[in-house]
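Residue numbers (numbering that gives the first Met the number 0): 0 to 269.
A few of these clues could be false.
What the hints assert, rightly or not - Cross-link-like lysine-lysine pairs, in silico, DSBU-like; alpha carbons within 30 Å at most:
no., residue 1, residue 2
1, K7, K195
2, K71, K107
3, K7, K17
4, K135, K71
5, K82, K97
6, K61, K87
7, K109, K17
8, K109, K19
9, K107, K87
Everything labelled a hint here was simulated from the structure, so no lab data went into it.
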Amino acid sequence: MENFLPTKVESQLDPKNKNKGQIFIEPCWPGYGITWSNALRRVLLTSLSGAAVTAVKIKGVKYEFSTLEGVKEDILEIILNLKALRLKILTEKDEPIKLSLKVSGEKKVKAGDIEKSSDVEIVNPDLLIATLTDKKVNLEMDIWVTNGYGWVASEEKLRAGLEIGTIVTDSIFSPILNVSVNVENMRVGKRTDFDKIILGIETDGSISPIQAFLKASQLLTQQFDSLVNLGEKIDKKAVKKTVKKIVKKPVKKAVKKTVKKKTAKKKPKK
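Working from the sequences, and respecting the hints, build out all of it.
Next up, the structure:
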C-alpha cells in the first residue's frame, strides 16, 4: 500500500437545503475508510469554532426565573430562543461583542429585529425571540456573543466584570448540527475491497458543509504534521546521543579491543 492515496474527492449539496451536503472520498486503502471517516467525524463535531450567545441582560429582569408584563414567553423561554441564534462573527476580536434589541408594540420579535452590527452576521433572522401582546409594552435587551468550541456550561464562564442583572447562558458553539458516515466497498483493478467514504454534513448556516470538511481536514493534517516533526526531532536526538557515545570512548581502549579481536582470530586451532 506504499503511497496509496485517494485520487478523487467530490461534494454534493442538497438542492433543498444548502446547509446539508455530502463529501465523497475514493478510493481508500481497505480499512482506511473507517479510520479516516471516524477521525473526520470526531473533528467536525468537536473541533470547529463557532459563535454563540454567552450572556443576556433584559431591562426590568433581575434573574431568569421571572416574567415580563405584556410578553407571552417567560424569561427562561426567551433565553432558550436566544440560544438557538445562529451567528457568524466577522471580526478577529477576542472579547465578547454586545448586540442590542429594542422593540415596542404588539408584535412577534425576531432575530432580524436585533440592531445591525458590522462585527456580527445573524444567519437565522426569522428566529422567534419573544411575542409582545400589549401595544404599550417595551422590550429592551443587551446580548453578548463570542466565538468558542463545543458546548460550554454557564457554570464554567467567568462572571467577573458583568453588569448587575446579566444572565449567563449555556452556549453551543459548534456550527455542525449532524455528521453521518457511510463506508462502501469499491473496485480498484481486480480488487473489490477498497473503501469509498460518503460523509454527510449538516451545518447551522454559519459555514458551508464543504468549508467545514476542509477545515476538519486541515486540523487533522496539522495534528499529524506535528507528530512527524516530533519524530524527526527524536531521530536527531538519538543520532546525537550515539555520536556522543562513540566520541567519548577512549581511543586507546578501542584500539586495544580491536587488536585483541584480530589476534584471537589469527591464533591457529590446536
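Taking the hints in turn, this is what the structure says about them:
no.	hint	in the structure
1	K7 x K195	holds (10 Å)
2	K71 x K107	holds (10 Å)
3	K7 x K17	holds (22 Å)
4	K135 x K71	holds (14 Å)
5	K82 x K97	holds (15 Å)
6	K61 x K87	holds (29 Å)
7	K109 x K17	holds (22 Å)
8	K109 x K19	holds (24 Å)
9	K107 x K87	holds (23 Å)
Hint compliance for this structure: every hint is met.
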